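Visitor: Using the hints, position chain X against chain P.
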Amino acid sequence: QKEVEQNSGPLSVPEGAIASLNCTYSDRGSQSFFWYRQYSGKSPELIMSIYSNGDKEDGRFTAQLNKASQYVSLLIRDSQPSDSATYLCAVNRGGGADGLTFGKGTHLIIQP
Amino acid sequence: GAVVSQHPSWVICKSGTSVKIECRSLDFQATTMFWYRQFPKQSLMLMATSNEGSKATYEQGVEKDKFLINHASLTLSTLTVTSAHPEDSSFYICSARDFTMETQYFGPGTRLLVL
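From first to last, the protein sequence lines stand for chains P and X.
Okay, so the first sequence: first residue is 1 according to this note's numbering, each after it adds one.
Okay, so the second sequence: first residue is 1 according to this note's numbering, each after it adds one.
No lab work stands behind these hints: they were computed from the structure.
Nothing here was measured: the structure is a model prediction, and the numbers come from that model.
Nothing false has been slipped in among the hints.
EDC-like mimics (lysine to aspartate or glutamate), calculated; alpha carbons at most 20 Å apart, straight line:
{"no.": "1", "chain 1": "P", "residue 1": "Lys42", "chain 2": "X", "residue 2": "Asp88"}
{"no.": "2", "chain 1": "P", "residue 1": "Lys56", "chain 2": "P", "residue 2": "Asp78"}
{"no.": "3", "chain 1": "P", "residue 1": "Lys104", "chain 2": "X", "residue 2": "Glu59"}
{"no.": "4", "chain 1": "X", "residue 1": "Lys55", "chain 2": "X", "residue 2": "Glu22"}
{"no.": "5", "chain 1": "X", "residue 1": "Lys41", "chain 2": "P", "residue 2": "Glu3"}
Looking at chain P on its own, in the form it has when it is part of the complex (with noise of 0.2 Å):
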C-alpha cells in the first residue's frame, strides 16, 4: 500500500512566525510531489509542485524535497491568518500508474 503520512496537527503558529509541515511518502517510484491547501467545505488549491531533491521557493512559499530520506516539507513565511487551511502533500503514484497519492493533511491554525 503506498502510503502518504503527515502530522493531522493542529499545528499552531503565530502570525509572521514561519510555519513547517512535513511529509512522507513510501514509494520510491514517485517523480513528482505538490502542495495543495485546502479550505473546510472547498477543493484543493496548488500552492507548489517540486520534483527534484533540494529547495524551491515561491514567495513566502518553499518546499523542500529530499527522495533519499523520501521526505518533503513545506515552509510558509511571514504566516498570515489567511493561511490557516489543511495542508495536503500529494505524491504521483509511481510505476506507471496516474493520479495522486494524497496524505490526509495538516491542519495549520495561524494566530493573530
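Guide: For chain X alone, kept in the frame of chain P given last:
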C-alpha cells in the same frame, strides 16, 4: 491558469436514484481527468482515471458498475452514481490536465447527500 468547473455544486437525492456530476475544463483540453472522493475528516481518495475516448481505469475497491464515468470529449467528463445509497454521501472532486501538464487542476467539488 487552468480552470476546471463542476456541476452541480451540491445535490440531495433519495436513496436508489442516480446522480450525474459534470466536470469541465474551461480553458484547456483535458486529455486526462481524475475523480476523487473525500469523506469528512479524511483525505482525497482517487476513484478512477479517465482518458478521453477510452474506458476509465478504476481504483481497487471502486465499483465500476456503480460509478459510471464517461470522458467523451476533451473538455467534459461525467460521473454517474447509480442507485445511490446514504454511504455514497461524500464530496466528489474532479481534476484535469492535458498531456503537457505535470499538475492536475481541481474543480470546486460536488457535495452529494443521499437520504
